[in-house]
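Construct the complete structure from the given sequences, taking the supplied hints into account.
Given next are the chains, with one letter for each unit.
Number of protein chains: 4
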Amino acid sequence: MKAFAMLGIDKTGWIEKERPVCGPLDAICRPLALAPCTSDVHTVWEGAIGDRHNLILGHEGVGEVVEVGSLVKDFKPGDKVLIPAITPDWNSVEAQAGYAQHSGGMLSGWKFSNIKDGVFGEFFHVNDADGNLAFLPDGMDLATACMLSDMVPTGMLGVEMADIQFGDKVCVIGIGPVGLMAVASASIRGASDVFGVGTRKNCVEVAKEFGATGIINYKEGDIVEQVLARTDGKGVDKVIIAGGDLDTFDQAVRMVKPAGIVSNIAYLGGGDYIKIPRVEWGVGMGHKRIIGGLMLGGRLRMEQYAALCKAGRINPAKLVTHTFNGFDKIEEALFMMKDKPSDLIKPIVIL
Amino acid sequence: MKAFAMLGIDKTGWIEKERPVCGPLDAICRPLALAPCTSDVHTVWEGAIGDRHNLILGHEGVGEVVEVGSLVKDFKPGDKVLIPAITPDWNSVEAQAGYAQHSGGMLSGWKFSNIKDGVFGEFFHVNDADGNLAFLPDGMDLATACMLSDMVPTGMLGVEMADIQFGDKVCVIGIGPVGLMAVASASIRGASDVFGVGTRKNCVEVAKEFGATGIINYKEGDIVEQVLARTDGKGVDKVIIAGGDLDTFDQAVRMVKPAGIVSNIAYLGGGDYIKIPRVEWGVGMGHKRIIGGLMLGGRLRMEQYAALCKAGRINPAKLVTHTFNGFDKIEEALFMMKDKPSDLIKPIVIL
Amino acid sequence: MKAFAMLGIDKTGWIEKERPVCGPLDAICRPLALAPCTSDVHTVWEGAIGDRHNLILGHEGVGEVVEVGSLVKDFKPGDKVLIPAITPDWNSVEAQAGYAQHSGGMLSGWKFSNIKDGVFGEFFHVNDADGNLAFLPDGMDLATACMLSDMVPTGMLGVEMADIQFGDKVCVIGIGPVGLMAVASASIRGASDVFGVGTRKNCVEVAKEFGATGIINYKEGDIVEQVLARTDGKGVDKVIIAGGDLDTFDQAVRMVKPAGIVSNIAYLGGGDYIKIPRVEWGVGMGHKRIIGGLMLGGRLRMEQYAALCKAGRINPAKLVTHTFNGFDKIEEALFMMKDKPSDLIKPIVIL
Amino acid sequence: MKAFAMLGIDKTGWIEKERPVCGPLDAICRPLALAPCTSDVHTVWEGAIGDRHNLILGHEGVGEVVEVGSLVKDFKPGDKVLIPAITPDWNSVEAQAGYAQHSGGMLSGWKFSNIKDGVFGEFFHVNDADGNLAFLPDGMDLATACMLSDMVPTGMLGVEMADIQFGDKVCVIGIGPVGLMAVASASIRGASDVFGVGTRKNCVEVAKEFGATGIINYKEGDIVEQVLARTDGKGVDKVIIAGGDLDTFDQAVRMVKPAGIVSNIAYLGGGDYIKIPRVEWGVGMGHKRIIGGLMLGGRLRMEQYAALCKAGRINPAKLVTHTFNGFDKIEEALFMMKDKPSDLIKPIVIL
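Protein chains in written order, with the working numbering: chain A, 1 to 351; chain B, 1 to 351; chain C, 1 to 351; chain D, 1 to 351.
Treat each hint with caution, since some may be false.
It does not matter which identical chain is used: a pair holds within one copy or between any two.
As the list claims (entries may be wrong) - Straight-line distance between alpha carbons at most 27 Å, and here's what the computed DSSO-like set of lysine-lysine pairs gives:
| id | residue 1 | residue 2 |
| --- | --- | --- |
| 1 | Lys310 | Lys208 |
| 2 | Lys80 | Lys340 |
| 3 | Lys116 | Lys234 |
| 4 | Lys219 | Lys2 |
| 5 | Lys329 | Lys234 |
| 6 | Lys234 | Lys76 |
| 7 | Lys201 | Lys338 |
| 8 | Lys340 | Lys219 |
| 9 | Lys234 | Lys310 |
| 10 | Lys234 | Lys73 |
| 11 | Lys234 | Lys80 |
| 12 | Lys208 | Lys11 |
| 13 | Lys73 | Lys275 |
Simulated from the structure, these hints should not be mistaken for lab results.
Here it is as structure tokens:
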């Protein structure tokens with residue numbers, strides 16, 4: 001089969017590869033829509049997971065089942081399905097502890113384009129079909145469905161880790177597609193003010209549509225000072241980091257109240273140490289919690305988040321600024337993600 | 001001063017009473033707007049808290065501070081303030097355990113028109129002003145402010161106890177004013193489907209505006225069957241009881257999934273035992289949690305819920321269907337609450 | 001193979017049955033030690049799960065793997081293993097929601113001697129071996145291991161649902177084997193006073209060894225009054241119900257503080273409605289939470305609870321008052337469990 | 001009155017000062033026993049809270065009430081009382097949010113020898129007597145009572161923030177008096193293995209008595225490697241930091257499992273940034289939570305922890321290695337705390 005792959009660090013291309021084999025619990029799907037992710041860019045051009053050869057890229061997509069294993073109970077060929085980026089081993093002790101994304105080791109629930117080939121092929125393999133697929137709801141468009149793989153659950157995770165209480169003030173640092181979903185999620189989780197930090201016009205507009213009550217432009221001054229100015233000097237209850245680098249934690253800790261939470265959903269690509277400022281962290285005693293996680297994955301969350309779309313609580317299709325048609329456009333879409341034209345939030349490819 | 005009081009069971013009237021005395025931590029306020037509550041009706045015409053003589057009624061209102069005690073730090077005469085129906089003793093061990101509403105004994109945080117005179121007087125007394133008052137935000141209308149005393153926090157509590165997760169399906173039994181706020185709260189807490197059980201036209205309309213995705217009419221058949229029919233036979237994740245009687249728990253347990261939650265915010269006025277059906281409760285092992293509580297009260301929640309209004313997340317003023325003008329209209333408003341004309345949700349009196 | 005089975009309601013006997021077949025994810029084990037449970041008595045003599053014919057009984061035991069399916073990764077023939085009474089489907093949506101015991105429907109994680117044959121055979125079948133078995137730790141005696149199937153996890157669950165905080169006062173109603181493990185678990189979970197309600201001499205002694213600070217004898221007066229007397233009239237923070245009937249909930253609610261928890265781990269065999277007293281439940285607003293659950297099952301909990309035994313935190317072997325030798329003694333052990341001689345806590349059969 | 005005070009950085013001495021004035025909610029106490037704390041050493045010789053002149057030192061002690069304010073309900077002169085090191089303002093919004101220790105600003109619940117004079121005087125002042133004092137239980141020795149001010153609640157906090165589950169493996173870094181109480185608390189909170197990191201002979205002995213299942217000597221090699229070696233390379237579930245410096249977080253993150261918790265109770269005296277290693281923190285996605293807090297303070301915790309002592313669950317008097325007699329011995333006790341002779345855990349002064 002044909003697939004679009006990482007050939008090595010800094011190098012991508014189309015390859016021919018064997019169609020994946022379906023184990024007893026698994027499904028083989030063909031894509032209906034696909035989306036590249038900033039993580040694909042990290043993987044190829046930053047070597048984030050190390051050098052890889054002929055690794056099929058991609059972990060965001062919606063598909064149709066073409067084959068299922070003998071032990072699969074709920075899905076059959078022809079079913080249209082939502083596919084989470086993270087597909088855990090659900091009987092692992094880590095899953096039993098509530099952290100399936102780390103089944104078999106830290107981050108090991110992340111299999112697509114990491115431990116095995118990704119979804120940018122004519123066919124792709126899904127482990128534990130009953131546990132990891134969900135039915136595409138009737139009437140859901142492919143753009144929405146595609147955003148359910150990673151953008152929605154990662155944004156939601158940022159909010160879940162932030163443990164938002166009714167009326168909390170929240171700052172979301174970074175309003176790319178994941179940050180925007182964090183804005184939307186915070187807005188339907190009971191936050192009052194949601195401040196989005198960013199500057200790109202399209203992103204700012206969508207942030208407001210998604211429920212941001214204020215936009216903070218880092219070009220207009222220190223973001224910590226801006227947040228303090230908008231909160232009577234008190235800071236926000238929760239910060240969600242959806243962009244930036246290791247220094248962003250310094251800002252986050254400075255702008256969050258005592259007993260607040262800093263919740264990270266950004267992939268941290270380089271540097272040695274995350275910086276937590278000692279004094280602003282209450283000399284160790286300020287109860288400012290620091291947490292960072294990978295989306296959980298699996299069927300239940302897909303179903304729950306899809307239900308939110310269906311009920312009209314969130315509208316992730318608004319992230320999609322560029323739509324391509326045809327499998328061969330994956331390359332162009334990925335390079336667009338790499339080059340980030342100013343009007344881009346998220347591209348998808350419809351097959 | 002003049003006040004409207006319970007004279008005895010089944011009997012109300014205007015009385016003259018001494019203006020309340022301000023202790024060192026307290027405030028004396030005059031009302032700017034007041035609202036009667038179904039609880040006032042229970043108190044007078046059901047004798048819910050026992051017989052009382054010349055007890056000033058009312059626990060919902062917004063006011064202006066006219067006097068503060070010597071230890072009050074944050075408020076001064078002239079400040080316009082939000083006033084929670086529940087005004088706990090914040091240094092009690094119960095408050096330190098997170099349950100201030102039960103400070104000094106079960107439900108003892110409920111002081112207005114219970115342990116002491118209520119707010120339907122020319123002046124009323126607020127214990128622990130710094131802990132229990134909140135500033136009326138600039139630009140907030142009196143109808144919204146008045147709903148923050150009890151309707152909003154009680155509806156919010158129903159949702160908080162239900163521990164809603166993103167995508168949960170929720171059924172709110174009873175869509176009077178408190179149930180409607182539960183609908184609104186569930187909708188901004190991450191629920192997907194929110195079903196409201198009720199029939200009154202005004203209530204149904206507001207329920208939909210507040211985020212209900214479906215209305216269940218108990219006149220059209222068993223509500224348990226209707227809920228199961230709308231959830232593929234699985235039931236809902238959470239049930240909030242905001243109306244009904246002891247038998248309502250039987251219905252709630254039958255319509256909730258294993259590991260779901262039944263969250264009660266209705267005052268249960270009569271009968272001996274709440275009925276939890278043994279078999280549907282999993283013969284004791286179905287993890288269907290039953291909880292019922294009183295709103296917490298206090299300043300922080302007032303501020304947090306007010307922030308939700310200001311950010312446009314909720315709009316409790318829509319509950320107000322009837323507005324009276326003048327202190328002497330309290331009587332009429334209370335009797336309206338008692339008689340419940342079909343177009344009533346909530347009346348208020350502006351002073 | 002030979003097995004001891006329920007022949008019909010009120011009737012047990014030895015039968016010949018096919019050795020179970022091992023699916024790709026499963027294991028076949030032979031027992032090393034077995035224990036009858038009060039639930040087996042309910043199943044046979046109360047028809048608790050309905051009439052059944054030739055259903056092999058038993059869900060408590062420790063075994064040796066004799067065969068594994070092709071997809072099993074961690075276990076192989078010859079491995080000695082702990083076996084939980086509850087063996088969930090870990091990829092189900094219920095498991096993903098944290099309630100694996102209800103995978104596929106309420107209580108459906110309970111498979112042994114319910115949905116399929118139990119462990120009282122020469123061989124027995126374990127679904128999802130990697131997810132549900134745990135290695136028997138070096139040096140662990142069979143009595144301890146056998147108590148890890150059900151007695152330990154059910155007692156622990158009672159305490160986990162009770163959400164005990166450091167210093168909480170706890171009452172455990174019923175100090176049979178499960179109640180005793182609840183006493184032990186509460187004592188190592190941070191409770192201060194743990195009151196055990198019971199009278200049998202052996203049980204009282206073990207309760208004290210396990211950390212009970214007081215014993216309440218229901219023959220000496222109303223247990224609610226006794227609990228109130230020992231807590232300055234305030235009641236306990238948490239109640240764990242490990243025995244009794246539907247009326248026990250009435251007592252539990254009366255003896256628990258506002259905002260306390262009533263945590264049920266008893267199988268409720270008969271009657272229609274659990275009785276929650278309206279007034280003592282705070283007319284619906286007392287925050288007295290009612291919860292009842294089935295042990296979770298699965299590998300992680302087995303490992304965690306086994307680690308507690310190994311570290312010397314609990315010593316469940318003390319529950320075993322009667323030890324039989326030989327597979328054919330299962331019948332005698334079960335009838336002993338049924339007849340409950342006064343010195344019995346728990347019998348086991350060593351093979 | 002006579003008091004022992006910080007005269008300036010690096011300088012202590014006896015001073016004469018006015019007896020403190022009792023506000024309406026307050027109490028004045030005289031000490032029955034006192035203990036110096038490492039924090040006093042930080043305050044004087046590291047200038048941790050800045051330069052101060054004639055600030056009376058001390059925040060650990062047990063006392064007798066000699067005067068109460070007019071609004072105090074529960075205490076009267078002659079009552080013997082437990083006194084928490086942290087005495088919050090319980091009606092503050094921070095307390096209402098569950099973080100009373102930060103009432104009025106980060107760490108502002110810490111008043112003794114910080115915002116006001118400490119307890120090393122002939123008399124000392126306690127704000128909000130009803131909310132912050134607890135009765136000395138009958139029969140409790142003064143050493144135990146004195147350890148309830150800070151050592152016990154701080155150790156308990158470390159365990160509470162670590163959210164220990166039954167069977168968790170825990171590493172406590174630092175087994176001075178606070179770390180030892182963390183060892184004891186973890187052992188009664190359901191941990192299986194508790195590893196204590198330290199070398200001092202007395203501390204090692206008490207750690208074992210308090211429930212440590214292993215001791216890790218940092219002189220014998222890298223502690224991360226030692227922890228991994230004892231946990232089959234998997235690491236521990238939770239780490240409690242009760243000593244060390246900013247680099248200790250690097251070690252803690254390396255030794256904790258994905259989805260584990262690093263819980264800090266050490267005062268961090270110097271340096272700019274806490275070091276969280278990027279890669280071992282899962283490139284931002286490993287769910288290794290970092291939290292650090294100040295003990296909560298207040299009456300309820302005093303009562304709950306005292307109940308644990310009374311029930312025999314913990315025995316903090318074992319921390320006391322050196323007992324002095326007479327108020328004038330405070331100086332010697334403090335210098336002992338500063339000089340830390342090898343056999344010291346904690347000194348107290350009995351008056």
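Against the structure, the hints:
In this homomeric assembly, lysine 310 and lysine 208 come within 27 Å of each other (Cα to Cα) both inside a single copy, at 21 Å, and across copies, at 16 Å. Neither within a single protomer nor between protomers do lysine 80 and lysine 340 lie at most 27 Å apart by alpha-carbon distance, with minima of 31 Å and 51 Å respectively. Taking CA atoms no more than 27 Å apart as the test, lysine 116 paired with lysine 234 passes between copies only; the shortest distance there is 24 Å, against 47 Å inside one copy. Taking the shortest Cα distances, lysine 219 and lysine 2 never come within 27 Å of each other, neither inside one copy (44 Å) nor across copies (57 Å).
Taking identical chains as interchangeable, the C-alpha atoms of lysine 329 and lysine 234 are never at most 27 Å apart, the minima being 48 Å within one chain and 42 Å between chains. For the homomeric pair lysine 234 and lysine 76, the shortest alpha-carbon distance between copies (22 Å) is at most 27 Å, but the shortest distance inside one copy (55 Å) is not. With identical chains, the CA atoms of lysine 201 and lysine 338 are at most 27 Å apart within one copy only, with a shortest distance of 19 Å there and 54 Å across copies. With identical chains, the CA atoms of lysine 340 and lysine 219 are at most 27 Å apart within one copy only, with a shortest distance of 19 Å there and 52 Å across copies.
In this assembly of identical chains, the alpha carbons of lysine 234 and lysine 310 lie at most 27 Å apart only when taken from different copies (18 Å versus 37 Å within one copy). Taking the closest pair of Cα atoms, lysine 234 and lysine 73 come within 27 Å of each other only across two copies (18 Å); inside a single copy the shortest separation is 53 Å, beyond that limit. Taking identical chains as interchangeable, the C-alpha atoms of lysine 234 and lysine 80 lie at most 27 Å apart only when they sit on different chains, with a minimum of 22 Å there against 49 Å within one chain. In the homo-oligomer, the alpha carbons of lysine 208 and lysine 11 never lie at most 27 Å apart, since the shortest distance is 37 Å inside one protomer and 53 Å across protomers.
Taking identical chains as interchangeable, the C-alpha atoms of lysine 73 and lysine 275 are never at most 27 Å apart, the minima being 48 Å within one chain and 38 Å between chains.
Checked against the numbered hints given earlier, the structure breaks hints 2, 4, 5, 12 and 13 and satisfies all the rest.
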